[in-house]
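First to last, the protein sequences are chains A and E. Read in order, the letters of the first sequence correspond to residues 0 to 563 in numbering that gives the first Met the number 0. Read in order, the letters of the second sequence correspond to residues 0 to 85 in numbering that gives the first Met the number 0.
Hints are computed from structural coordinates only; laboratory data are not their basis. Careful: at least some of the hints might be erroneous.
[To be verified] Straight-line C-alpha distance at most 20 Å; calculated DMTMM-like pairs for lysine to aspartate or glutamate:
no., chain 1, residue 1, chain 2, residue 2
1, A, 242, E, 41
2, E, 80, A, 543
3, E, 5, A, 236
4, A, 273, E, 41
5, E, 5, A, 369
6, E, 79, E, 38
7, A, 96, E, 41
8, E, 3, A, 542
9, A, 350, E, 85
10, E, 12, A, 419
11, A, 113, E, 85
12, A, 471, E, 13
13, E, 3, A, 543
14, E, 3, A, 352
[Stated by the list, open to error] Residues of chain A clear of chain E, computed beta-carbon distances all greater than 10 Å:
no., residue
15, 220
16, 483
17, 497
All values reported here derive from a predicted model rather than from experimental measurement. From the three backbone atoms N, C-alpha and C, an ideal C-beta is built for every residue, glycine too.
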Amino acid sequence: MSVQTWTYILVGVTFALYIGIAIWSRAGSTKDFYVAGGGVSPLANGMATAADWMSAASFISMAGIISFAGYDGSVYLMGWTGGYVLLALLLAPYLRKFGKFTVPDFIGDRYYSKTARIVAVICALIVSFTYVAGQMRGVGVVFSRFLQVDINTGVIIGMIIVLFYAVLGGMKGITYTQVAQYCVLIFAFMVPAIFISIQMTGNPIPQLGMGSTLNDGSGTFLLDKLDGLSTELGFNEYTDGSKSITDVFAITLALMVGTAGLPHVIVRFFTVKKVKDARKSAGLALLLIAILYTTAPAVSVFAKTNLINTVSNEEYSNMPVWFKNWEETGLLSFDDKNEDGKIQYVADKNKNELTIDNDIMVLANPEIADLPAWVIALVAAGGLAAALSTAAGLLLVISASVSHDLVKKVFKPNISDKAELWVARGAATVAVVIAGYFGINPPGFVAAVVALAFGLAAASFFPAIVLGIFYKKMNKEGAISGMVVGIILMLFYMTKFKFGWFGGGTATDWWFGISPEGFGSIAMIANFIVAIIVLQFTPEPPEDVQEIVENIRIPSGAGEATGH
Amino acid sequence: MSEKQKKATAYWKENVRYLFILLTIWFVVSFGAGILFKDALDSIRIGGFKLGFWFAQQGSIYVFVILIFVYVRLMNKLDKKYNYNE
Numbered sequence: 000m001s002v003q004t005w006t007y008i009l010v011g012v013t014f015a016l017y018i019g020i021a022i023w024s025r026a027g028s029t030k031d032f033y034v035a036g037g038g039v040s041p042l043a044n045g046m047a048t049a050a051d052w053m054s055a056a057s058f059i060s061m062a063g064i065i066s067f068a069g070y071d072g073s074v075y076l077m078g079w080t081g082g083y084v085l086l087a088l089l090l091a092p093y094l095r096k097f098g099k100f101t102v103p104d105f106i107g108d109r110y111y112s113k114t115a116r117i118v119a120v121i122c123a124l125i126v127s128f129t130y131v132a133g134q135m136r137g138v139g140v141v142f143s144r145f146l147q148v149d150i151n152t153g154v155i156i157g158m159i160i161v162l163f164y165a166v167l168g169g170m171k172g173i174t175y176t177q178v179a180q181y182c183v184l185i186f187a188f189m190v191p192a193i194f195i196s197i198q199m200t201g202n203p204i205p206q207l208g209m210g211s212t213l214n215d216g217s218g219t220f221l222l223d224k225l226d227g228l229s230t231e232l233g234f235n236e237y238t239d240g241s242k243s244i245t246d247v248f249a250i251t252l253a254l255m256v257g258t259a260g261l262p263h264v265i266v267r268f269f270t271v272k273k274v275k276d277a278r279k280s281a282g283l284a285l286l287l288i289a290i291l292y293t294t295a296p297a298v299s300v301f302a303k304t305n306l307i308n309t310v311s312n313e314e315y316s317n318m319p320v321w322f323k324n325w326e327e328t329g330l331l332s333f334d335d336k337n338e339d340g341k342i343q344y345v346a347d348k349n350k351n352e353l354t355i356d357n358d359i360m361v362l363a364n365p366e367i368a369d370l371p372a373w374v375i376a377l378v379a380a381g382g383l384a385a386a387l388s389t390a391a392g393l394l395l396v397i398s399a400s401v402s403h404d405l406v407k408k409v410f411k412p413n414i415s416d417k418a419e420l421w422v423a424r425g426a427a428t429v430a431v432v433i434a435g436y437f438g439i440n441p442p443g444f445v446a447a448v449v450a451l452a453f454g455l456a457a458a459s460f461f462p463a464i465v466l467g468i469f470y471k472k473m474n475k476e477g478a479i480s481g482m483v484v485g486i487i488l489m490l491f492y493m494t495k496f497k498f499g500w501f502g503g504g505t506a507t508d509w510w511f512g513i514s515p516e517g518f519g520s521i522a523m524i525a526n527f528i529v530a531i532i533v534l535q536f537t538p539e540p541p542e543d544v545q546e547i548v549e550n551i552r553i554p555s556g557a558g559e560a561t562g563h
Numbered sequence: 000m001s002e003k004q005k006k007a008t009a010y011w012k013e014n015v016r017y018l019f020i021l022l023t024i025w026f027v028v029s030f031g032a033g034i035l036f037k038d039a040l041d042s043i044r045i046g047g048f049k050l051g052f053w054f055a056q057q058g059s060i061y062v063f064v065i066l067i068f069v070y071v072r073l074m075n076k077l078d079k080k081y082n083y084n085e
């Protein structure tokens, strides 16, 4: 059977599965819709969190980015996993004990202030919309490459699927489809990785294959080989970076803290029964994420070595079929500058003739390694699972922010449960349409804004929540001014160095040598400092709020999540 | 301070002590071994891996997973000790 047929079968079967689950687990109340009824098991929640977290970027782009960045790519590996340690130790158990539906719920109640709640809602909306546009685009790319449909049609098909189970099932539908999506995406990621690891090193475990010797009888270690190839072509050694230590440090920290502060990840921990379950499911989530995150750097090494061996200094006319296929999508392009008919892939920009998009490294990897057709099709189904699961989680945060935090808590407190459920469904529908629009007409700055989303989460939510739990005397004046200063500082720095506003600037003008991607850590520290300084000059929080804090520190008696 | 409050304060103190120890390890394996001391550790090799590079792309992640499960165990024990388990 051809790749095309396999892809139709696998994508069709998985989509039917998601829709079946959505019908089986539709939401009957707002509690079902926001927190899946509050009775999700730690393992199911761990799997759902993992699928929720691992987006099209993790599945499709990350291994490719690391392929080209080498050691510098470590910031994503450590940043996007280390954040779970912060989440498990500093946030998840306490927020579960607090027992409400959303992150702005916590901020609004803990800081006894509507202003704080609204600031939190705005942050949640900016972060989630930025993210969801990228997911829809990912769906479109996968559809266009593997099913030969137009990118826009792909986006619309994706919208309909997500709309179906997010609007019908809410958190409950999303949770159980995400469990299925985790299985699909991890299987789809591991199968080609294992195949290629065996091919190149003889070791079936990619994490070990990466550090093994090559299968060709030379006895050379794979990483040494790649270091050698890289320097030969004028690049940095693969295992050595080109970024400064300060910047690597700052980016890693910003990604870790941003991860812990992302609302669509935090809300997942509202869905389990007990505080104990919240801790355990954070551990399971990271374990399940780590399977992909420790395999990805191995895939990067395999793919990069394979790529250089296949193309470097070879005749263009001898290139395999996949090369031509990907040229057609525009993700790969060859420009014979010295007209010798051979491909020169080198560091020197004036001599380099090959332009490669990051995403190819995962999407084309099975083809480059000459794996069977069903494996190639599996990658398509996996990429779609990763993009759809994350999109659904984000849409839920958006709809809950509108229906629960704005309509119910600010504008119309006596709205009935049933009416609130319909508002939530309406908000989810509108959000899908907006996300689809951005997927079809992607703003040129998507990549820049995704980094901004992490920076914003790091600069706003994380300090406010941590202080709210660990600093009993923190008051609303301190927390609000901290959040506002953090966000504004982050926005200023990003727009200055990414879009050239406020006079713009280049890398030499960076503050402390820190790139906009890493600036979230500075903005976060500014948030903490401002909050603590303002606290000194403003009144203590009321007794009952201090009691809330004492209460969330004790794990027993968590009860069920409640919106009232 | 009531008996109940004393118990809660003692529980919280032990909890914060665990957090401090675990987060120190979290910092050392990632920011320490993977970034600040990466170059020094790279002179040590394990199979095909330079040690600093291994911590940055593999080791730190394994330790993160272990840290959370150690935390889960410690806290379950602590909850039992203070009778906060359910």
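Taking the numbered hints from earlier one at a time, note which ones the structure violates and give those numbers from smallest to largest.
-> Violated: hints 2, 3, 4, 5, 6, 7, 9, 10, 11, 14, 15.
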